[in-house]
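Using the hints, put the two chains back together into the complex; each one sits in its own frame.
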Amino acid sequence: MDSLLTSAVAGLSAGGAYAILGVCVVFTFRLVAVVNFTATALGAIGAFVMVFLTEAGYPLVPAVLTGLVAGTLASVVVGFVTTIWFSGANQTVKAAVTAAILVCLIALGLRFTGGQHPRAFPDLVGGAGLRLAGVTITTASLVSIALAVILTVAVEQFLARTRTGLQLRALSERPMAAELLGVPVRPLALGVWAASGAMTTIALMLIAPLRSPDFGSLSLLVVPAFAAALVGMFQSFRAALAGGILIGVIEGLASGFVELAQYRSAVPFLVILTVLMWSQRGARWDEAR
Amino acid sequence: MNSRKRATWFGLAAGAGLIAMSGTAFAAGPTCDGGTIKIGSVSTITGPVDFSAAPKAAAAYFDQLNEAGGINGCKIEYFMGDDRGDPLVATQTARDLIDNEKVVVMAGSASLLDCGVNAQLYQRSNVLDVPGLAVDPVCYTAPSVSGVAPGPYVLSTAMLYYASEELGNESICAFNYVIGGWKEAMEGAMAEWEQITGKKLTILDMTLPVQGDLTPYLIRARDEGCDAVFTNQVEPGIVQLINTADAQGIEGIDFVFLASGFTEGVATALKDSPQPIYVGTEWEPYTLENEANSGWRAMIEKAGITPSAFSQAGYLAGEVITSVISGIDGEVTNESVAQALRTMEPATFPIAAAPYLFGEGAMDGPMRATKVVKLDGGVWSVVTPDWLDLPSVN
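Line by line, the protein sequences give chains A and B.
If you read the first sequence in the numbering used here, its first letter stands for residue 18, the second for the next number, and so on.
If you read the second sequence in the numbering used here, its first letter stands for residue 9, the second for the next number, and so on.
Chain B with its partners taken away, still in its complex shape (with noise of 0.2 Å):
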């Protein structure tokens, strides 16, 4: 490096110095200890499933925010811990990041289980939670935490309405599988549809095997004249489902699935398929590329991520909590973002089926919007241009 470099390096080094000491002296904006804030998250990454894709978003946003200089002068420092599916491994990343490593709060984790595991922790330790992809029912109800996304349930609830207001059909068949704690939930969804429509579901079957055979599951559907059939099923699930109605000769009836079966793999397995299919999206579809999904496109592609809605969770989790920090005055702490998620003004983000509140936790003021899109000769194409908005039971 030259002296007529250095010299400029170093003038531009207390410039920013004395921006940053301005800042601190009339506390505009968020300050911080050491020049870095620190966010944690726990996902499942190694052990049965890899939802890794979610928290490497967050961490690319994080990249992104801090190549720009940080929110007001504060680089984030990102960890990305892994449950391993773990409750145990969960509790002891939870506690490690919070007790040894000092986070503020927790953003962009994708788990099977940190939720039911941790939210307790989180709610005593003040430090909250604001998840990428929530699966289990707790992340649903504990005041601790609030998802960037509809969720299952709710997503449930829009699927059902989807099916019936939307394309009109008049008999609707449920088949979920439970385990865990879901069955509640799952009810609660297909309950709240009932309430909301004043219809009753032609058949609501919570015995679906995640192994085993789906035949007799279908030809029951068929022989009781289902127009659409809902599962709450993942991939390899959905995949098997339609290729048993394919098998059967099935006809005439609408499938509707949950989020997690809006991705490549679906498309390319069913691309032969001539069953209509419906995913609900929970966010702006990720295979669009339209303003809404441009800030996020333009990150994965600079970080080399693959396309999917997972890395939305991710990149949305990274904006909100980065909204919501950007607006505290003074010190980042547990405390000063805990209290600012509690009191934040719904936020909008583009990618976001509606607008973002922490507030009390998920109960207060969940999204209840969801994008539909259908498969065609392996393709997703959107088929509802606009939010599907879930209308509250009254």
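Excised from the complex, chain A in its bound form (with noise of 0.2 Å):
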């Protein structure tokens, strides 16, 4: 029991991880209506800047502000992609867009970076945090869970009780009819772009030191970030923070069994998979009857 216990805390950092990337990729689906492949490839943008410009002698604070700011920029770059030039079009072929672009991300990041070179990220946020059933949750691991209910509570809060947001609901439900009605569409779209462009970055800054520390690796951490975003169907924060936490939990499970961890990987994929049946269920079940 103890070992389950162990086993499931170990799980926890990677949690952290997910949660506040998939409450991220929640925020840029629920404001400007795009499933974004490129989340994590862009926050790794402004990460990989970081950690140039500290290997590079620079100190830590400007550094991860410069940081910030390429992580912002790159993702306005890409909002603006999909909004402008890919305005008319529907939400399929947008995410078809930045999956296109993902792929291209991870080429020229893997090219710029060193490809398999590791790069030695600073810890921001070091220690050792809190020390559960033998395994130490890292202060890094607490302030991404601590981010993931702060800008869960806020962006809620901020949608529901302010004149933007409900511009910003307006925008993502009926772009067109909100224009219309002299909503300032583009404006607004970019700076929602921009706003999880510096979320992922933080996060990423965060997340980097404990993950494999190459352009790629980091990229791909949106496959559990949409795992967890699919718990929350793409619209509810606590859902996707919730889930991002279950899904590490669940791969920290996974190792614990010797048959089961060969397959830890596919443990986002079955999530998905799992909400997906669940959430489609009456659908079939009407159809069957």
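Any given hint could turn out to be false.
Stated by the list, open to error - If you only want the chain A side, here are some residues facing chain B, beta carbon under 8 Å, derived: (1) 24; (2) 30; (3) 135; (4) 152; (5) 228; (6) 269.
Said to hold, decoys possible - Listing some non-contacts, in silico: residues in chain A with all C-beta distances to chain B over 12 Å: (7) 23; (8) 85; (9) 109; (10) 138; (11) 163; (12) 167; (13) 183; (14) 194; (15) 225; (16) 255.
In short, the hints are calculated from the structure, not lab data.
Bear in mind the structure is a predicted one, so any value in this text is a computation, not a measurement.
The beta carbon of each residue, even a glycine, is placed where N, CA and C say it ideally should be.
What follows is the structure, given as structure tokens:
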């Protein structure tokens, strides 16, 4: 029993990462209606700009800020492509566009960051955090989870209680109608992209030290992030938050059983499948009747 | 050019011609049709990884050789093929080199998949392959291939042996990740260690994820009392594993890795880690400025190549194939080179772990030795001044 608890707690550090990334993905989808495959790659751009600067001997704070700006700008560029060039396109097309950009970003990113050569990512918030069941939960993991919670609460309140929030909801649900009603669609949409770029960059800066420190691996964190977002059906921030942590914990548990461990990287896909089947059960059953 | 100089050049050229003719007449040493010997390579250069450092070093080796007059007057024309990590491209590249360019041998390749796709082609065409860096397990079983390094599987056994016999660890744990056909080869390497030492691994886990969190694995290693942890990870994985161990405050475990961890990148990324990190180098550690490395070091400095184990691989492959071709009496063709490789005596090279022998391919007399380096405050220091020889299974 103890070892099960230990395995589950060991999964928390991954869970914190998935949770914050999942929340960021839901954020982009709720507000600009784009399933953003590039989310983590854009964050990785910011994180790598930071690491290049720290490796070149710049102090941490300016390096982090520059990285943040870079990640935000990169996100705005992708936002520009999807919202301006493909403004009339439906969600499927926009998702495909971001998937194509992801492939391109990974190829370029691997070239420019030295392929598989590891980078020395600095610990932004180093330290041991707390100890539970013999496992150290790092401060970075705790901060990730805390940020995901803060983000969830803040965005929910912002959307529900502010005028800009209302406009953003209009923008995501009926973009054409919103534009006709005088909602400043383009600035708002680009603002959402900028905010989500900044958030994922911060998330990746926190996560990178304990992940495989190469551009490809960091970009592919989009898979568990999507799985987390899907738990909330790309709508609920709270469910995405819980889903991210859950996926991390399930992964941790899976590696506690030798027979299951080799399938642990399939966990996000299993979660996606289960959620899809569960959420579509009504439609299927209705049809069958 | 003034007339006196021209006359001197003419004289030199005539002299060289005479020497070359006398060489042909008495059939001493290798000769070549058209004045060049063509050597090919298939490496992963663009694509998921960039292994170009090895073939580039081989090219620099042959450039230097050509400047010094080539092999018995024959200049080497070296082809650097790129397989882009794509099996189809790898086949096309090898076919083009063999059928159109008429290369006589392949040397200095460094590819993720060349052996796996092309070993049979090399066997059929009798164009043998002396890769610099061989990743695919087929490189270590095919009769048409014999690389210039112990390779990851022999090195895995050697590093487990180092952890148990030299570092004196009781409980050894191995975590491997498996792609392609690695599983049997890695399991074979682990089993060989058990046969040599008569010991059992405390944990043998073949499920290490290439991507994903490593915390649960380290917690398991700690809780099951591992004194040493071996993984077959490459650079980013090693950095992630050690960072995770630091985050968990793990103490008292020796970490042993394969040669892919022996880089400046890993040293810099882990310079602050208190974990004991050991890496097998396969060759004379490239960081050393000693007699064994002097030829290679002079070459890379002249050619402006960054020092790395990869460039040693290309250099060594160039050195091996040059010595084999130099021993041929008569026309250098794929047949005569294959014959020379098959019948060669074990040959010693200063960078290499053990004498090189092609024989009937890599299964025949593979190199079974390595040196080991330890990371100390961001600097690799050699902990085995003499080669660590891996005993054979009785």
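Here is what the structure says about each hint:
no.	hint	verdict
1	24	holds, 6 Å
2	30	holds, 5 Å
3	135	holds, 4 Å
4	152	holds, 6 Å
5	228	holds, 6 Å
6	269	holds, 5 Å
7	23	violated, 6 Å
8	85	holds, 22 Å
9	109	holds, 27 Å
10	138	violated, 8 Å
11	163	holds, 17 Å
12	167	holds, 23 Å
13	183	holds, 39 Å
14	194	holds, 42 Å
15	225	violated, 10 Å
16	255	holds, 23 Å
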